[in-house]
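Chemist: Those protein sequence lines, which keep their order, are chains A and Z. So the first sequence is numbered by our numbering: it starts at 1 and just counts up by one. So the second sequence is numbered by our numbering: it starts at 1001 and just counts up by one.
There's no promise every hint is true.
Said to hold, decoys possible - Computed cross-link-like contacts, DSS-like style, restricted to lysine-lysine with a CA-CA straight-line distance of at most 25 Å:
(1) A/Lys99 / Z/Lys1172
(2) A/Lys24 / A/Lys205
(3) Z/Lys1103 / A/Lys52
(4) A/Lys104 / Z/Lys1098
(5) A/Lys99 / Z/Lys1005
(6) A/Lys6 / A/Lys40
(7) A/Lys46 / Z/Lys1103
(8) A/Lys99 / Z/Lys1103
(9) A/Lys132 / Z/Lys1051
(10) A/Lys52 / Z/Lys1025
(11) A/Lys40 / Z/Lys1098
(12) A/Lys40 / Z/Lys1131
(13) A/Lys139 / Z/Lys1061
(14) A/Lys99 / A/Lys118
(15) Z/Lys1051 / A/Lys104
(16) A/Lys99 / A/Lys52
(17) Z/Lys1117 / Z/Lys1051
(18) Z/Lys1078 / A/Lys40
(19) A/Lys46 / Z/Lys1098
(20) Z/Lys1098 / Z/Lys1025
(21) Z/Lys1078 / Z/Lys1023
(22) Z/Lys1208 / Z/Lys1052
(23) Z/Lys1039 / A/Lys99
(24) A/Lys142 / A/Lys24
(25) A/Lys53 / Z/Lys1131
(26) A/Lys79 / Z/Lys1131
(27) Z/Lys1140 / A/Lys46
(28) Z/Lys1131 / A/Lys62
(29) A/Lys6 / Z/Lys1098
(30) Z/Lys1178 / Z/Lys1051
(31) Z/Lys1172 / Z/Lys1138
(32) Z/Lys1103 / A/Lys62
(33) Z/Lys1051 / A/Lys122
(34) A/Lys46 / Z/Lys1078
(35) A/Lys132 / Z/Lys1103
By construction, these hints were calculated from the structure, which means they are not laboratory data. Computed from a prediction, not measured in an experiment: that's the story for all the values here.
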Amino acid sequence: MAEEVKLIGMWGSPFSRRVEIALKLKGVQYEYIDVDLTNKSPLLLKSNPVHKKVPVLLHNGKPIAESLVILEYIDETWKANPILPQHPYDRAMARFWAKYIDEKCLPALWNACWCEKKDREKAVEEGNVCLKTLENELKDKKFFGGESIGFVDIAANFIGFWVGVLEDVVGVELLTIDKFPILCKWRDEYVGCSVIKENLPSKEKLGAYFRTRVESASQSK
Amino acid sequence: MVGVKLFRTWSSPFALRAVWALKIKGIDYETIFEDLSNKSPSLLQYNPVYKKVPVLVHNGKPIAESLIILEYIDETWKHAPLLPEDPHERATARFWAKFGDDKVLTSIWSVFIKQGKEQEEAMVPALENLKFLEEELKGKKFFGGETIGFVDLALGWLGNLISILEEIVGLKVVDGEKFPLLSAWMQDFADAPIIKDNWPPRDRMIVKFQALRDATIAAAAAAAAAATSK
């Protein structure tokens, strides 16, 4: 039977793009299905009835949801260009940092962008704590994965690209070179990698998307 | 430094996951009980990011976050596997373990720390989440199939903490009629060898969680009062 791989995603979602990076890294052919999250398709609702979210990977009709779970599945199914390290301890560390990014960094950074002005200073400070922790973890490595991109780098795509777009649109300073020189260097290397560069949304389109959100937020007050 | 150490507290349901996994695999380990109001320098050194339990230290190297510890244990000691072999089944197991922590635990906790109308409203998502677990158990004794696996350990806190929380708030959350499979699983899991020998003392848990609920409600009331008095 020919292998059938489909990805249900959304062009602007960092979670969705993580899966595309992994599939491209491993040279897996797949069909991409973009969804309108304001009008979820029956396929999405059937494939992810629990969360009704993207991304969902469909491999020979079987669905897998949750981006980091999908990344591990991809790594275990297609063995070329491994995303996770070999050794159990290194794997545990990679999982730890990816979880830290999702559970602490992303919410803190997102909140720093969208919170009310009076709460902003405190929110930015919380975002800074997360970025500093990542800065310390990176130390003298080129990528979180070492010499090449790995699991944590893919998980950090929001920091590598989305944060910059949000900073411009919302007018907040988060990933500044004076505070986070190592992380900024990582970001530049990261978006310079072809597999990353070719799997980012357009800066203009993403910026416009966030801008409409800013405008509708200010109108609803 | 050689060997396995586990930093835990007497009551942490997350630390219990590691205890169960180590015992299922028959791994010798040293237990270090922490007082979270007075964290040891070792704990702070081994888990500087979260400063929490559990932390597993193997040959001097620390691993934090209970589900990550479970995967580490499973990959390091390969007998009595916790996760299945097949990648799709592994992904499904990881999905449900994450669902347990992200949704089931948080929604049930929400019911526990609220009262009155807010509590009633919090019941709705909690019951919806439990319904997904009930569905997932169809045709199976355990989430892992015939034997206890990764998801059972991840959701295992239900086997003990639910009845404790229900007793404290005087509410039935996992009703045997609405959730026959889940109720049966909770009993089978709680009574399973190894699992049943490691539950923390119930009376002590009731005191602890009652105090936690009271403190949380008091803090919420104080915050609400402070907000309205501005």
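Chemist: Against this structure, judge whether each hint is valid.
Modeler: The hints, checked one at a time:
1. A/Lys99 / Z/Lys1172: It is violated: about 33 Å lies between the C-alpha atoms, which goes past 25 Å.
2. A/Lys24 / A/Lys205: holds, 22 Å
3. Z/Lys1103 / A/Lys52: Within the cut-off at roughly 14 Å; holds.
4. A/Lys104 / Z/Lys1098: Holds, because 15 Å separates the two Cα atoms, which is no more than 25 Å.
5. A/Lys99 / Z/Lys1005: Status holds; Cα separation ~23 Å.
6. A/Lys6 / A/Lys40: holds, 17 Å
7. A/Lys46 / Z/Lys1103: Holds, because 19 Å separates the two Cα atoms, which is no more than 25 Å.
8. A/Lys99 / Z/Lys1103: Given pair A/Lys99, Z/Lys1103 holds - Cα atoms ~16 Å apart, limit 25 Å.
9. A/Lys132 / Z/Lys1051: holds, 17 Å
10. A/Lys52 / Z/Lys1025: It is violated: about 36 Å lies between the C-alpha atoms, which goes past 25 Å.
11. A/Lys40 / Z/Lys1098: With a Cα-Cα distance of about 23 Å, the restraint between A/Lys40 and Z/Lys1098 holds, given a limit of 25 Å.
12. A/Lys40 / Z/Lys1131: holds, 22 Å
13. A/Lys139 / Z/Lys1061: holds, 19 Å
14. A/Lys99 / A/Lys118: violated, 29 Å
15. Z/Lys1051 / A/Lys104: Holds, because 14 Å separates the two Cα atoms, which is no more than 25 Å.
16. A/Lys99 / A/Lys52: Measuring from Cα to Cα gives roughly 21 Å; hence the hint holds.
17. Z/Lys1117 / Z/Lys1051: Judged against 25 Å, a Cα distance of about 35 Å means the pair is violated.
18. Z/Lys1078 / A/Lys40: violated, 42 Å
19. A/Lys46 / Z/Lys1098: Between A/Lys46 and Z/Lys1098 the Cα gap is close to 20 Å, so the pair holds against 25 Å.
20. Z/Lys1098 / Z/Lys1025: Status holds; Cα separation ~23 Å.
21. Z/Lys1078 / Z/Lys1023: holds, 14 Å
22. Z/Lys1208 / Z/Lys1052: Holds, because 18 Å separates the two Cα atoms, which is no more than 25 Å.
23. Z/Lys1039 / A/Lys99: holds, 23 Å
24. A/Lys142 / A/Lys24: Since the Cα atoms of A/Lys142 and A/Lys24 sit roughly 21 Å apart, the hinted pair holds (cutoff 25 Å).
25. A/Lys53 / Z/Lys1131: Roughly 19 Å separates the two Cα atoms, so the pair holds.
26. A/Lys79 / Z/Lys1131: violated, 36 Å
27. Z/Lys1140 / A/Lys46: At roughly 22 Å apart (the allowed maximum being 25 Å), A/Lys46 and Z/Lys1140 satisfy the hint.
28. Z/Lys1131 / A/Lys62: holds, 22 Å
29. A/Lys6 / Z/Lys1098: Since the Cα atoms of A/Lys6 and Z/Lys1098 sit roughly 23 Å apart, the hinted pair holds (cutoff 25 Å).
30. Z/Lys1178 / Z/Lys1051: violated, 39 Å
31. Z/Lys1172 / Z/Lys1138: Within the cut-off at roughly 22 Å; holds.
32. Z/Lys1103 / A/Lys62: Holds - the C-alpha atoms of A/Lys62 and Z/Lys1103 are around 23 Å apart, at most 25 Å.
33. Z/Lys1051 / A/Lys122: Distance ~22 Å between Z/Lys1051 and A/Lys122 Cα, so the pair holds.
34. A/Lys46 / Z/Lys1078: violated, 35 Å
35. A/Lys132 / Z/Lys1103: violated, 29 Å
Going through the hint list in order, the structure does not satisfy hints 1, 10, 14, 17, 18, 26, 30, 34 and 35.
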